[in-house]
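K.L.:
If you read the sequences in order, they're chains Z and S.
Letter by letter, the first sequence follows residues 160 to 662 in the working numbering.
Letter by letter, the second sequence follows residues 8 to 352 in the working numbering.
These aren't lab readings, by the way, just hints derived from the structure by calculation.
As the structure is a prediction and not an experimental result, all values here were calculated from the model.
Hints are not guaranteed to be accurate.
[Claimed, not checked] Within a straight-line C-alpha distance of at most 35 angstroms, the following computed DSBU-like cross-link-like pairs (lysine-lysine) qualify:
#	chain 1	residue 1	chain 2	residue 2
1	S	Lys-349	Z	Lys-586
2	Z	Lys-508	S	Lys-177
3	Z	Lys-300	S	Lys-292
4	Z	Lys-300	S	Lys-28
5	S	Lys-86	Z	Lys-300
6	Z	Lys-300	S	Lys-181
7	Z	Lys-261	S	Lys-28
8	S	Lys-86	Z	Lys-508
9	Z	Lys-508	S	Lys-312
10	S	Lys-297	S	Lys-246
11	S	Lys-203	Z	Lys-508
12	S	Lys-246	Z	Lys-508
[Unchecked claim] Just so you have them, the derived chain Z footprint on chain S, three or more residues with Cβ under 8 angstroms:
#	segment
13	80-87
14	166-175
[What the hints assert, rightly or not] Far from chain S, by Cβ distances over 10 angstroms, these chain Z residues were calculated:
#	residue
15	Ile-293
16	Gly-322
17	Lys-327
18	Leu-329
19	Thr-358
20	Leu-504
21	Pro-545
Heads up, the beta-carbon is just placed ideally off N, CA and C, and yes, glycines get one too.
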Amino acid sequence: MDTFALLLMGFSNALTLQNLLMALIGSILGTLVGVLPGIGPTAGLAILLPVTTLLDPIPAIVMLAAVYYGAMYGGSTTSILMNIPGEIASIVTTIDGYQMAKQGRAGPALAISAISSFVAGTLGLVGLCLFAPILSEMALKLGPPERFGIMVLAFSMVISMSGKSILKGLVSAAIGMAIVLVGIDPYLGLGRFTYGTITLVGGFDFIAIIMGLFAMTEVFRSIGAQVSAIYDAPLRSLMIKWRELKQCITCMLRASVVGFFLGCLPGCGPGVVSFISYDFEKRISKNRGNFGNGAIEGVCAPEGANNATTAGGFVPLLTLGIPPSTSLAVLLGGLMIYGLQPGPLLFEKQPVFVWTIIASMYIGNVILLILNLPLVGMWARLVKVPYHIIAPLILLFCFIGTYSVRNSLFDVGTCLAFGFIGLVMSKLEIPFIPLSLAIILSPMLEEVLRQTISMGGGSIGVLLERPVALALIGAGFLAVGLTLYLRLRWARAEELFGLEQAE
Amino acid sequence: MKKKKLVLSRSSFNERRNAMKSRVILGIVLICFVCVFVSGLAGAQQKGYPNKPIDLVVPYNPGGGTDVTARILSMYLSKTWRVAVNVVNKPGGRGIPGCYAAISAKPDGYTMLCEGHATSSIMDAFSAEKLPFDWRKRTWICRQTVDVVFYLTRPDSPFTSLKGMEKYIKENPKELRWGESGIGLASGAQFFYETKIPLDMVKHVTFTGGAMTTASLAGSHIDFAAQQLSEIKGFVDAKKVRALAVIWPERVPQLPQVPTVVEEGFPTIDAKGWHGISGPPGLPKEIVDKWVVTLREAAESEMFKKYADAVYKVIAFLGPKEFREYVDAEHKKYLELAKMLKIKK
């Protein structure tokens with residue numbers, strides 16, 4: 160098959176000794192950068208881009224791709240070990256991952272994260288090879304009304320991820336939307352809640368809020384509870400058991416599919432997709448009762464999905480020149496400096512370039528798996544470090560990471576403030592996830608809603624002419640309805656039989 | 008009752024050994040991180056300006072037009088001045104906080120702004136509220152690159168020329184969907200200004216990025232847009248988007264088949280994206296001169312031209328005085344457009 164021959168050519172370019180060395184260095188640097196919270200693939204690529212200009216085009220591309228992948232792999236490490244989501248894509252991993260760490264199962268969590276990332280990433284790349292041109296055609300057909308439908312569907316997750324009380328989940332989401340409102344109107348430059356200060360014109364930074372809410376709150380809570388270490392007893396398992404791995408196989412496959420296809424849609428970055436994959440897995444899995452308490456599928460699904468999304472994200476990136484996330488935008492800039500001309504004809508006009516990149520991503524995946532699995536043991540031991548040593552370090556990493564995003568001390572202050580806000584919220588049992596979802600989705604929701612209404616000349620009626628959009632909105636309502644119905648059923652069963660509610 | 012004695016049993020030995028291992032590993036990890044951070048603090052040892060790393064502030068996210076320009080500039084400057092010129096991203100708030108941060112820094116030449124239409128003329132003209140600072144108060148150094156803007160329509164559009172589009176709008180009021188982002192707003196608005204078509208005859212859709220605007224055009228979700236060369240070249244070549252005209256005095260070599268606005272009967276339309284360098288007000292003359300001289304050389308150099316071509320920018324150097332005049336003229340014109348767009352009263 161033609162694609163296969165091209166792929167082999169790509170491999171022959173990428174597998175030279177020099178390129179393999181570049182891939183290795185890139186992977187290591189990328190992982191290091193990814194582990195540092197706040198410094199995600201974006202900053203990592205931005206920092207290393209000038210270095211790569213010293214190289215020839217092909218080794219440079221290989222290295223850039225490896226850095227990007229490495230950063231995606233590294234991001235989950237701090238999420239699992241210390242409840243520090245290094246970037247938006249790692250938030251969901253904290254839910255079950257950190258619980259697993261607290262149960263002494265940090266090793267299996269890290270291991271499944273690496274393995275799932277590898278499997279889903281590789282499958283995603285296969286999808287990229289086979290389906291890129293067709294998918295990019297389909298992606299073009301999705302305009303603002305359809306993207307609005309996707310947002311409605313995504314928002315429906317607020318209900319299903321609310322935990323015990325849907326009302327509190329809605330409150331959490333409302334707080335999130337209110338926070339995101341602060342800033343400046345992207346259309347007319349009108350300030351919103353800026354109170355005349357320039358700092359508030361920039362609004363609050365996502366990463367600062369999320370690190371404050373997850374990492375800082377956890378540190379404060381642990382200090383309050385006087386824990387001696389994140390996990391105190393002897394570490395039982397540093398590596399994943401075969402049984403657990405087999406349990407996760409179907410999960411990994413599902414995550415690959417969900418991640419890859421959603422990743423092709425411009426605007427659906429790894430963050431949103433990891434939520435969707437987690438939610439989907441929770442609904443389908445037999446083990447759903449355990450989600451939130453250290454279910455291994457709860458780590459496997461989002462980690463796999465966010466790597467598959469990376470591969471899916473290359474579809475609009477290469478064929479349309481639309482980077483679906485900031486980090487890919489930097490990658491695109493770097494690739495363009497080397498002569499890449501993204502566009503619908505890219506695969507035809509520059510096959511050497513494209514297939515070498517794809518081949519080097521496969522290689523990057525393999526290298527990262529080989530690098531990360533042995534390191535799992537090392538990382539896992541960090542949970543045993545006495546808390547009075549590791550807590551200040553967590554705070555330090557949070558501050559550095561938060562500052563690095565916008566080079567702004569205001570963000571560091573935001574992070575600290577949200578640490579305290581998170582403490583209050585956890586006392587009131589208001590869940591964090593709906594807030595995070597609202598923060599991620601609201602700006603996009605506003606944008607596409609506004610565009611849809613403008614397209615309709617001021618009326619939302621344009622939706623009636625777009626069946627795909629209507630189907631997506633319908634699916635969103637269906638999802639909400641299903642969740643509510645199931646909860647009502649459980650509540651009645653609980654009433655009738657006095658059963659424990661399996662959450 | 009168990010007596011507490013010094014426990015030297017196997018399991019506690021393992022415990023302490025494991026705890027020790029954890030600390031050793033933590034120590035190694037920390038040393039690695041410290042090395043990474045310290046390496047970033049390395050400074051140069053030469054005398055005179057510049058003798059330490061320079062921050063080039065970009066008030067937007069990495070990967071966008073301003074960021075890419077800043078990066079190619081920083082690559083050239085780092086090589087020429089043998090000092091690290093770091094691109095520092097301060098995104099958010101339509102560029103206002105980042106721009107302000109750069110121009111209110113110390114005027115010592117070590118914090119500079121990668122300037123553009125969006126942080127100067129457009130920032131003030133297209134803002135419904137008064138800006139929280141005086142946008143004119145900065146040291147204007149030079150303009151370096153320009154982005155050529157094209158008028159575009161979707162591939163299955165019922166018209167194939169600008170005059171055709173004018174006719175279409177007049178015959179089918181409130182049908183045309185005009186999508187814009189960034190410089191596309193000012194560029195597209197000029198068409199309506201010249202043809203005196205009232206804006207309520209079209210549907211105005213705002214996007215937050217040029218790539219999305221172009222993709223929406225290709226997917227036939229909008230009918231008319233004005234975008235930069237870098238954003239559309241692939242699409243035009245693949246015939247996914249139809250270029251109606253180029254806003255440039257003559258035809259552009261990358262897309263020679265596209266007629267100019269002059270040829271299409273609109274010689275007064277003039278809009279382009281551009282980038283350059285500015286600094287805090289009160290920058291010493293020697294520092295300004297050094298930047299001007301180096302950037303003027305860059306504009307002539309092969310290396311910089313190669314970078315600029317790769318990212319579809321046209322080199323268009325303007326020294327300080329001409330730059331200042333250019334921005335003022337552009338701002339005046341955009342104020343007119345802002346009134347028409349009902350952004351300003």
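K.L.:
Each hint should be assessed against the structure and marked as holding or not.
P.N.:
Structure-based check of all given hints:
no., hint, verdict
1, Lys-349(S) - Lys-586(Z), "violated, 48 angstroms"
2, Lys-508(Z) - Lys-177(S), "violated, 40 angstroms"
3, Lys-300(Z) - Lys-292(S), "violated, 54 angstroms"
4, Lys-300(Z) - Lys-28(S), "violated, 56 angstroms"
5, Lys-86(S) - Lys-300(Z), "violated, 45 angstroms"
6, Lys-300(Z) - Lys-181(S), "holds, 23 angstroms"
7, Lys-261(Z) - Lys-28(S), "holds, 19 angstroms"
8, Lys-86(S) - Lys-508(Z), "holds, 32 angstroms"
9, Lys-508(Z) - Lys-312(S), "holds, 23 angstroms"
10, Lys-297(S) - Lys-246(S), "violated, 45 angstroms"
11, Lys-203(S) - Lys-508(Z), "violated, 42 angstroms"
12, Lys-246(S) - Lys-508(Z), "holds, 14 angstroms"
13, 80-87, "holds (count 3)"
14, 166-175, "violated (count 0)"
15, Ile-293, "holds, 15 angstroms"
16, Gly-322, "holds, 31 angstroms"
17, Lys-327, "holds, 30 angstroms"
18, Leu-329, "holds, 27 angstroms"
19, Thr-358, "violated, 6 angstroms"
20, Leu-504, "violated, 5 angstroms"
21, Pro-545, "violated, 8 angstroms"
Against the hints set out earlier in the document, violations occur for numbers 1, 2, 3, 4, 5, 10, 11, 14, 19, 20 and 21.
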